[in-house]
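A.B. asks: Protein chains in written order, with my numbering: chain W, 233 to 485; chain X, 233 to 485.
Check before you lean on any hint, since a few could be wrong.
Since copy identity is lost for identical chains, a pair holds within one copy or between any two.
[Claimed, not checked] Capping the alpha-carbon separation at 25 Å, the derived lysine to any residue pairs in SDA-like fashion look like this: (1) 331 - 390; (2) 437 - 309; (3) 437 - 414; (4) 386 - 253; (5) 437 - 305.
Worth flagging that the hints you see were computed from the coordinates, not collected in a lab.
There are 2 protein chains.
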Amino acid sequence: MALSWGEITHITKVDPAKTLPQELTVLRDTDLVMVGGSDNVTEANTLETVDRIRTSVPDIPILQEPYSSGQISKETVKAVDYLSIPAVYNGDRDHFYTKHLSFFTSLTTKAEEITGTGLPVVGDLIASKGRDAVADVAAKLLPEGYVIQNLDSKAARVTGVERRFSEDEIAGTALATETFYQFPIMYIEYSGMYGGPSDVEAAAKFLDETVLLYGGGIQSHEQAREILSAGADAIVVGDCFHDDPARFRRTIP
Amino acid sequence: MALSWGEITHITKVDPAKTLPQELTVLRDTDLVMVGGSDNVTEANTLETVDRIRTSVPDIPILQEPYSSGQISKETVKAVDYLSIPAVYNGDRDHFYTKHLSFFTSLTTKAEEITGTGLPVVGDLIASKGRDAVADVAAKLLPEGYVIQNLDSKAARVTGVERRFSEDEIAGTALATETFYQFPIMYIEYSGMYGGPSDVEAAAKFLDETVLLYGGGIQSHEQAREILSAGADAIVVGDCFHDDPARFRRTIP
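Produce the complete structure using the sequences and hints provided.
C.D. replies: And the structure:
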């Protein structure tokens, strides 16, 4: 099931380690929910969060964005629609590929213990290791090329980001994402701080197949419009969803 | 122009820094020529080599596999059919992504000085920075996910490879290549030493869209058949092309 990115301009990032608003129907006007955080996220609180969201807004697709394989299990894979794994371009080696190769090696060798059997994604792979199975994995996985631009954020600390990318480097990273890594998503993350439209403008020039997401500090309709006008396919709004649902509502285009 | 991988089982790797055989028509039964090496390759000897090959066997596609951007110019991009850039999974950080991001950043900012204008690939990009241009770049580029398994080779030293991958890791890397990085090529490189079929068997189970190449020490019809039977889409033969054309001929399936 491919996401229809053309219809997605507003994404809500829900952090399972934070308190959720009492009333989740506020999510009904967002286009996609991303479940993930940078700290204290577990399999259990992920499942609980996904379950609450499904109950309140059953038609909104849910994407899990884990930062460690401990947050992925048979149950989480069943519960979510997409599994997105970030590769952080300006992070350390672990967060661009070492952890990813370990994860996929685990899938091929210890798949039963990590994920159980009978899953839509990995079960068939274990059974047949064949053509259709790999296609199924590919269909549910959404690799993301990340650039984390707020060095003071938890996300930067967790992934070993020590340096912001310049706008030229953002442009080059976009071209590499589009033509070399061919990730379906490039994500410019200002985590908690509004970064303005310039990085998005730099990246958007070089993206075509790859979808461009911007996240960080969006708290108003004007900021949402500014980022979308600069060329982002969608904005990701997180903090104010947890802190101030009325403000959150104003970020929806 | 997409390569028809179904028709390619035998690839010849021609090292511009080594002496070429007097008679290049020996290449007429190979399916693809890769031009590249690990040492002393320059833009000039690349161009000279490509020119000699074109003259002798005009119908064989030529792919350049550079290890540094100094080997790429306006002329080389024009001269070759494909440009393949290796990302070495078990190498250092530079050889998996830092150099790649620098290269693409250069393309977006200093494209004129690196590559000139009017090229089929990059020229249009500079002119329009638009949709079709990026598609053109994507069409000529063939990213390769590499695993270098001979620690004593020059290739391993150049790319910072300090550890061979186990068969389990090869399998995981194949699954990651197919589903996460989505590189069109995975290349198992034993550089100068025959590695046998086991790594190829481990990788082939998890590859579908991604083409599997094996290179290293193939000197006979039996070895060629063994690697192809193990699941490689094509074998890459290099050393004996330079050293012993009669032996080289016996590696052609």
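A.B. asks: Each hint should be assessed against the structure and marked as holding or not.
C.D. replies: Now for the hints, and whether the structure bears them out:
In this assembly of identical chains, residue 331 and residue 390 lie within 25 Å of each other by CA distance both inside one copy and across copies; the values are 13 Å within and 23 Å between. Taking the closest pair of Cα atoms, residue 437 and residue 309 come within 25 Å of each other only across two copies (22 Å); inside a single copy the shortest separation is 34 Å, beyond that limit. In this assembly of identical chains, residue 437 and residue 414 lie within 25 Å of each other by CA distance both inside one copy and across copies; the values are 16 Å within and 22 Å between. Proximity of residue 386 to residue 253 under the C-alpha cut-off of 25 Å is restricted to the intra-copy arrangement: shortest distance 22 Å within a copy versus 58 Å between copies.
For a Cα distance limit of 25 Å, the shortest separation of residue 437 from residue 305 across copies, 23 Å, qualifies, whereas the shortest one inside one copy, 38 Å, does not.
Checked against the numbered hints given earlier, this structure breaks none of them.
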